[in-house]
Structure formats: C-alpha cells, structure tokens
Amino acid sequence: MKILELKNITKKFDGITANDSICLDIEKGEVHSLLGENGAGKTTLMKILFGMYSADGGSIRLNGKTVVISRPSRAIGLGIGMIHQHFMLVDRLSVAENIVAGCEPRKGVFLDLKKARKNVRISGEKYGFRLDPDAKVENISVGEQQRVEILKALYRNADILILDEPTAVLTPQEAEELFAIIKKLKSDGKTIIFITHKLKETMAVSDRITVLRDGKKVDTVETAETSPRKLAKMMVGREVILRVEKPEKPPGKAVLTVKDLSAFNPVSRLGLKKIDLTVHAGEIVGIAGIEGNGQLEVEETIMGLRAIDSGSITLDNQDISRCSTAQRRKLGMVHIPSDRFRRGLLRSRSIEHNIILGSEWLRPFAKKGLLSFPAIESYSRRIIDEFQIRCPGSKETVDTLSGGNQQKLVIGRELSRNPKVIVAAQPTRGVDIGAIEYIHNLLLRMREQGRAIILISAELDELMTLSDRILVMYEGKIIAEGPHFAESELGLLMAGSKL
Amino acid sequence: MIGRKTYIRFSDLINSLIAIAIALFLGALLISVSGYSVANAYESLFTGAFGSFYNIAQTLLQMIPLIFTGLSVAIAFQCGLFNIGAEGQMYWGALGSAVVAIAFPEAPPVVLLPISLLAGAAAGGLWGVIPGYLKARSGAHEVVTTIMMNYIGIFATTFLLRTFFREPGPIDQTRMIPEAARFPELIPYTRLTWAIFVGIGVILLLDLFFKKTSLGYDLRAVGESNGVAEYAGINPKKMIVISMLLSGMAAGLAGSTMVLGVLHRFITNFSPGYGFVGIAVAVLGRNKPWGVLLAALLFGALEAGGISMQLFAKIPMDLMTIIQGLVILFVAAPYLVQRVWQKNVTISVCRDD
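For the protein sequence lines, the chains are A and B, in the order given. Mapped onto the numbering used here, the consecutive letters of the first sequence carry residue numbers 1 to 499. Mapped onto the numbering used here, the consecutive letters of the second sequence carry residue numbers 1 to 353.
Treat the hints with care, as some may be off.
[Stated by the list, open to error] Lysine to any residue pairs mimicking SDA-like chemistry, simulated, CA-CA at most 20 Å apart: (1) B:Lys212 with A:Gln449; (2) A:Lys330 with B:Lys238; (3) A:Lys367 with B:Phe209; (4) A:Lys368 with B:Phe209; (5) A:Lys246 with A:Gln449.
Please keep in mind that the hints were generated in silico from the structure rather than gathered at the bench.
With the hints as extra help, turn the sequences into a complete structure.
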C-alpha cells in the first residue's frame, strides 16, 4: 500500500532547478533510500515534504489524500518526522527537555517535567534506546544525540521518518547500531526514508532505492535486484572507477615534524595532548578519528591558526611553531580546510577573488599593492580549466557553484602554489563521486611529485586507499599508528578501545 | 546568470526606492492625521530641495558632512565593524582643522587649506584608531567603545576649546579662521563650496581602494569572514586598526569641511548629529562608496526640503525626522520591502543539499 506519493515536484532556486518534476512512491513499512550525489536534490525534495520549502509545482498525497504541507508543524501533525543532518537540539537542555520541546506536557502553565521524563523512558524502552532522560545533550555522544532526534520524532507520533545523511557523523559501529534501530522501527510498522550518497549503506539497509541526479529522478529499483556498480553509474551518469592506482614508492626525507604538541581548545574543552607526527616527502599520512577528537586542532595548529601551549613544529629543520600563518604559507605550506565556508572561501565574492586569496600581495596578481586584473583573470581561467571547475564565468560569485566545484576551487588554488606540505582536511566532504575520484588522483599526483601530505578524513575508505600510514586520534591523543588497518579495527580504535 | 552582480545592485536600488516610497506614504498619512495638507507639505518639501538653483545648492550643502560620516560608517562596515563613533571623530576633525588653520594665519591658501584639511583627517583618524586598537588588543566591542568615545570626544573638544582656544564672548567658539583656510564658494551667496568635490574625490578614491588594491581586498576579506582571512594569512587585528583609522579620518573630514567650508570656526555642539545620520546614510547606501553618495543626496534633500517645509507649510521639522526614520526602517528591513515586489522570497538561509 502506498503511504506517500510525491507527484511532479518541482523547485527552483534563483533559476537553478533543484527538483525537476520528481515523482516518488513510498510503500507503507518500507525502508526507502534516496540516493544521489551532493546537489542532486535529495534534501530539497525532503525539505519540501517536511514543509520547510514550498514547491513551485507538483502535489503530495498521503494515505491517498492530497495534502498541502506549508510548514514543518503541519508535516509533524500529519505524522512525518525529519532527522536533519545537523541536529536541531538545544545543547544546554536535558534529553527529556529536548524531546518534549514544542509539545510539552503541562500542569496548568507549568512544564510537567516528571511526566516528560516518564514519557521519554517509556518510548525509549519500546525501541531499546538506552538514554538518560536527565543527561544534558552537550554531554552525550553524537550517536546518542541522533537517538534523541529519532525519539523526538517518535514522541510526536511520526509514522514516516526522514533521515538525512544519518551516518555522516557516526563511526562504523554506531552506524551498525543505527541500522539495527531502523530495522526495529520497520518491524514496528514505521516507514523510513533514508537520504544518503553512500552506496554500501544503501545496499545494507534499504528495501527500495530511488536515485536522483541533477534534480531529476533516474529510477526506482529494488535493492535485491541491483548492485553498487549499477547504482554508481545511475548516480554519476557514467561508469565510475571506484578504485585508484597508488604506485609503491618509498618516502623521502622528513619534511614536517610535530613533537610533543599540546594545545587546549577552550570551546570544546578538549585539546591536543602531546602529539607526535612526522610526514616525509612523497608520503600521505592519514589521520582517522571521529570528528571532534582533535583533528581540527591538528589542522589548525600546523597552519598557525590556533595557539599551541607547548611542543614544536619543524619544517625542513626550521622551527616554525612561532611563525604566523602568512609566514608558513610563504614557506610552502598549503591548506585544504575541513570547513570551506568558515576557512576556505569568501562566499559572496567572485571566483577570481577567491583564486587569489592568500596571494593578493604577490606578483603577478598585484604590483606595489595594486591589483592587476588582467593577470588575475588569465590565471583564474587557467585554474578553472586545469581543475575542471564548472562555472559560467570567473566573475560569478562562489555561492553560485555547487559544493563539488567550490571544493575544486579551494583545492586548485592551494595545490597550484607549488607546495612542500599539504594539509588536506576532509578534502572530499560534500563532493560528488566523480569529483572524489578526481581529487584522490590529484592527491596521489602530489605524492608522486614528492610533496608531504597530511590527510585528515572521516571517510575510512579514503584513508585506507590513499594513506601510506594511518594515525588514529581519540580524545586529543594519537592512540594508534600503522601502515594498514582493517575497517573494523579503525572503527574500534576510533571509539577509543584498544585492539 | 551573466551579470548577476549588476542584477543585485539593481535590486538594491529598487529596494531602496520602494523603501523611500513607503516611508513617504506613511509620512503622508502622518501629516494628514496631524491636520496638515499633504500636497502642500510635499510640494514645499520638493521645492525646498530641488525647486531652484539656490535650493539645489542647499541640498548639496547639507549633503557634504553626510557624505563623509556615511563613508566613515561604510569603511568600517566593509571590515565588519560598526563604527557608531563618527560623531566624536567628527568633533576632533573639526577642532584639529580649526586649530591648525588659526595657528598659521600668514600661510598662503594653497598650503593652509590642504594642511588644515589633513589635520582634521588626522585628528579624526586618531580618535577612530583608539577603539580599533582596543578591539584588536582585547576584543572590546567597537559598538560600546565608539558610543562611549562619542561623549568623551564631544566633551573633550569642548574642554580644550574653553581652556585654550576660546574667543572672548558669550559663545564657546574659536576665533574665525583666516581667509586662506576657507573653501572658496562654488556658487556665490549659497554657502556651497568646493568642499563637495573633496567629498566626491574621496568617494572615487575609496571606490578604487576597495576594488583595486591589495589592502582593500584584505579589509573586505576580514569584513566577510575573520576565519577565512586568518586562513589566508591576513592579520585581522591589523586590518581592524587600519579600517578604524580610515573610518575616523573620513569622519574627521566631515568636521573639517564644516569648519573650513561653512562655520569658519569651531563652535561647541555644532553638529545636529551628522555622525548618527551617517549610519543611516551608510545603511541606505549599502555601505558602498557610490551608494553613500546617493543616500547622502536623499538625506540632504530631506534636510533642505524639511527646512522649507517648516518655513512655508508650517509643518514641524520633527515630522521630517520621522520620515527619515521610516526610510531607515524600511531599508534596514529588506525582507519587508522585497515582499512588495518579489512574490517568492525564501527566508531560509540554509540551502545545503
């Protein structure tokens, strides 16, 4: 029985079609994957279903009746719940308070917290969640926060649950637990829509899969009748080689050495604790870990963006721990930041402006402090061509580019500076499969050319294929180091357990 | 998508014009509710601003200090700072220019006028650098410090005036500055001087500065994102100090041109709040140099027209102030205005798919 039918949903943003007449049928009680690359229109479609965007065209039928969902509260009223990629929780409130927020049990004008706690415990037990209703959300793990989000939706009597890239923040083990929860929800008669761009997960968890590409639906298939290879082809529109060739090559001399580095981060109340790390020429050193275990601090202390408490950073036998970011860049260090909007790109400025970011005082882009636009323009054209950045022109603002092309812009800018050391943090985050393949090959080419590369990534596949050595970080420390790890080993180490 | 930039500018202009129209409409309601004739009021407003050669000159005259204070706020904003202190910086500029002009009574005009002008810019700049330095050094929020420094600046200049430079008489003011330090009149008997070209020249320079220089690039990078600027090796603290220096200099020039062009001396409490109107001018001009020029023209016209409205239609100046306030309100709330002419406005900021 069809519980939900989306008919010809169309949505445009500033002339860009995010959803082009998409039809989607969801059966009651199934797990339905919505698969597609970044920018394919998955989240937009679901945000329309959840009432966060209004569609420019099309209709939604729920249980055979046409409904108009103008805002999220309406969607919730109709039994639709959405768990967003970025959790919508109040850190300082308790689990129970978060779950009931918006429809609190009341005693007169007062909040009946006792009843709230009881409700949370009952519904938690029903689905086998172990959650302390009184714990503050800021003190629980990301996996637990996700369960809070799920309970929040269930507490509002959701029959249809939309999960937007739910595994992006989880370890492999936590992801397994999530899949178990999804199965339990399914056996309880809930319908689940699972947004993802990861093929493995799709195959593991879903009954049926709908693939979107460039805002259009490609097809809906039964999971049992398809394969990751077929799905990849549907997503990208051409054959994709999911493996890259990494030639064996002994690394050269040590280029960057980090010794006993400690740095406290007052925001996360965590920091680096005596980190040691050496990168050689022509070597990729991978850093694994669940986000928030010190990777950001490694990235930023090495680039001089964060103060250190003790220890040293040496580049070619020169102590650079007191050098400014500008000096480090001059010495040949480049940086692909983990957060391209907070660090890497001036979003509302043109592509040209972004391509000279960090070089705006250097020849040939500037002479005596005056920008030389002909030089900037021709260089920009070169970078756009060389790194296959798809854009209407170099004067367009960065905002108009897709995530993958924005990332190529950052990578192109940084790798073109003839670097000695490359700090690449999450280089393929939010990037489509085609571009991932391209970026991986670029990094390997840099390795060939003898550059020293630190690769910080949450994608274990990426780390395992590209790295010559992998370090695992946990709570600000490096707890394991070695040339090879199995995925399950990495997962355990990332969760803090010893092998 | 070609020409997206021009599209944005065009929509800015439309939004501003609609904001002005709504403000004038609500102002009309207010005028008629208060028992005055709307037609009469707006006619004398328009005539007062643009009705004759002399009136246009008055509009331009009112414009000059607003150009500079508007630029002052806009410069700081380009670097992500809210300079609420243009008023205080302007007083220092005025005193600086007056003192230097009076100190060299023998100097020829080609020397004395530029030097007095520079002295005003320098004095305003120094007063602007202080909150910039405090922000860079300790993170003291510039809104708080600049507001406070307005009081200090206004009273400190008055104190210096009374202690060292006061001309004997009933009013706290300096002697008249020498002829050589005065801006020549552009149109006889209108008090409009060549100072307006200094304003346009500074706009031209700033436009080039922000578009074509590495330093201007760095300032704007800090204004857009501290994090990105740091990443690129730009020192945000240095840029904050520099932008407050430039911002203070522009505000100082507002005082200088008042002293050297209109008042011909420093007088205590000479400003009706040019520094604060400058904030509105910058907002309306979208913090762009040429936008500031257009916005200053509007506010100059409202000011000049308001005077004639009071004189001939006997409508109190306060109503003019309310209309000015309404313009700012609607400009500052672009969403409201966009609703009027764009059907589908997506409020949501996140579009991450």
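(Q) Under the constraints set out in the numbered hints, which ones does this structure not fulfil? (A) 1
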